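We have chain G; now place chain U onto it with these hints.
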Amino acid sequence: MPPSPPTRANSAASEYDGPPDFRVIGRHGVFPETSHDEIERINFLAQMNRHLAARVVPGVKAAYDARVAPGFAARHQRPIANRHEARKAMLDDPAFATWSALRRMTMEQRQQAGRWTVIRQRAALNARARALTQGDDRLVLDPALEIPRYVAAVDHHCMPGSYHTEYAPDDVTNGANYDHAGFVTTGGLLGKYSDGGGHAVVQWVRRHLPDFAPRKILELGGTVGHSSLPLAQAFPEAELTIVDLGAPMLRYALARAKSLGIDNIRLVQASAEDLRARFADQSFDWVQTTMFLHELSTRALRNIFAESHRLLRPGGIVLHVEQPQYRPDMPLFEQAMRDWDAFYNNEPFWSRMHEMDLDAEMIRAGFAADRLIHGDVYGVVDRELFPDAALDTTEDYGRKAAWHVIGAVA
Amino acid sequence: MSFADALDQAGAKPAGKRPWFLEPQVEKVLAITMTLAQELAVVHQRADTLERLLRAKGLLAEGEIDAFAPDAAASAERQMWNQEFIARVLRIVQQDNEAAVMPDEATSGEIADDLAEPGEA
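For the record, the sequence lines run as chains G and U.
Residue numbering for the first sequence follows the working numbering, starting at 1 and increasing by one per position.
Residue numbering for the second sequence follows the working numbering, starting at 1001 and increasing by one per position.
For reference, chain U alone in the conformation it holds in the complex:
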């Protein structure tokens, strides 16, 4: 099946050991970020296409999007979307900040050791 093949093979690693220019974990995060930037550009262009098609069909007037004023309910929904989105994206910062005030917190492995019976490795 072509979709399954694309999913499996589109991102194939090229032959030849990959060079790393930054600390590898950092470079991986940058690579993920740049792919998301790419996909953001794609979504932006799709929205722009939609707007232009709607204008061309007379369904959207020039300046109508910039002049758009959501009513109170729509405004609340949109602002909540922003809040949810940011909370998702910055989850790691929030969790790291939570951890900063818990210096004595144990790791799962330490708990496992605590829970171990005498003689268990």
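Extracted from the complex, chain G is given alone in its bound form:
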């Protein structure tokens, strides 16, 4: 019997489970132009991450259970005691080593792919950003700003030049790379404008703090505004200020926001550790960070918590959105896998941050123990086009759009 002809698009579409085509991503005035092949490179790399998470990680887990943990127990006459022992034991296992090598090189390929697209059109992109931002006093840059070691020493997520490096006057290269090709890592879980995290925060606030009507909102480490702009959109009467270390991020953020018709924003290049020269005490109703704390250091986190306390008016709120903390009931395998980004994807503070007692740090910063906030949020996206993180059962340790909220009412 001849093989049946392939079924047509409808059934393939209903059967398909995976990242959307990159072509559904939302474009704006400074979004880089992407050729057919550049789009397909991004699609391939997003599928690589999906494949590694959905089809290779189960084998890594099986090898851990069958070989790594029993082997450690036999050698040491005791079980693996913590996530560091688990990770180090796995390094000698071919399943973990092969998965790690592939995951690392997928990130490196993604950076090269995104940088190629942006650098080849850098002059045009910078001109577009300049046309949108020139003379706009809502963008305040500080060329003398010293980049702290926790950002300067290691390029986060293997992104060459990180958030701050500039290659030309008025440069937006690294902002454009970060924006358009982040899809490779998120696989569309953050939605059309990579803003599912921001929409999730807004939804959480509306549900839990229905009477909250902020006028002054501050997002620390807001980069190109992915998670920040939904706040500005949700509260049009408010003014949102984004603080970031990186000038290429902030230039790009302003151009992007304006081209999307969002005008109630300001952008300030500064270290969030010390904003005394920029903002007086009690200047804000709301201080927000989204997937930011893990890129700091212990000292910086404490400084930033203290700054957020200083900057909030009484009754204002601070919310930090992060991947969940390590707790004793989280299996050591999961902890070790979540630690991968700390050791192998240039996110050096990830591991230590996720074991910190954040409640204690909030109290240390001056917040009252009985006014702390805890919650869970999932990326909020257009479900017609994008996967729903709350329903997605694929575990891509540390990268899924499912986060924990820790915060406080000042």
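Check each hint, because a few of them may be wrong.
The list that follows gives simulated cross-link-like pairs (lysine-lysine, DSS-like), each with its CA atoms no further than 25 Å apart [to be verified]:
#	chain 1	residue 1	chain 2	residue 2
1	G	Lys61	G	Lys88
2	G	Lys192	G	Lys400
3	G	Lys88	U	Lys1028
4	G	Lys88	U	Lys1017
5	G	Lys216	G	Lys258
6	G	Lys400	G	Lys61
Stretch-level coverage of chain G by chain U, calculated; a stretch enters the list once three of its residues show a Cβ under 8 Å from a Cβ in chain U [as the list claims (entries may be wrong)]:
#	segment
7	93 to 105
8	118 to 132
Treat the hints as calculated values from the structure; they're not laboratory data.
Note that the structure is a prediction, hence the values are computed from the model and not measured.
Virtual Cβ for every residue (Gly too), placed ideally from N, Cα, C.
Using the frame of chain G, we list chain U on its own:
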């Protein structure tokens, strides 16, 4: 010039010493292989795009590619392309197999030593 900048800078090494998970030479080969897999996917999608555009314009009928039967000359050209391609890709295997039956073959450095005059280092 933007192309030259992209060529120079797109593959910049990120700050922070790179971890190696496999024997480094093996991991390099795997990295090269995965980049080629990426580029193969890109070429595949480009061919698929072309087919869909040709179908949409009525230049290619449904099933025409699967039903395609090259004539003898085209068939020979295509099979020769396959042979050439495989021979290029597997050159190292072929050369290593050649070497396997030449256990006494000298290296270039050994020949250089042989050719050296007395007193030459």
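For each hint, the structure was consulted:
1. G/Lys61 / G/Lys88: holds, 15 Å
2. G/Lys192 / G/Lys400: holds, 16 Å
3. G/Lys88 / U/Lys1028: Answer holds: G/Lys88 to U/Lys1028 is near 22 Å, not above 25 Å.
4. G/Lys88 / U/Lys1017: holds, 18 Å
5. G/Lys216 / G/Lys258: Holds, at roughly 19 Å.
6. G/Lys400 / G/Lys61: With Cα atoms ~18 Å apart, G/Lys400 and G/Lys61 stay inside 25 Å; holds.
7. 93 to 105: Answer holds; 8 residues pass the 8 Å Cβ test.
8. 118 to 132: holds (count 5)
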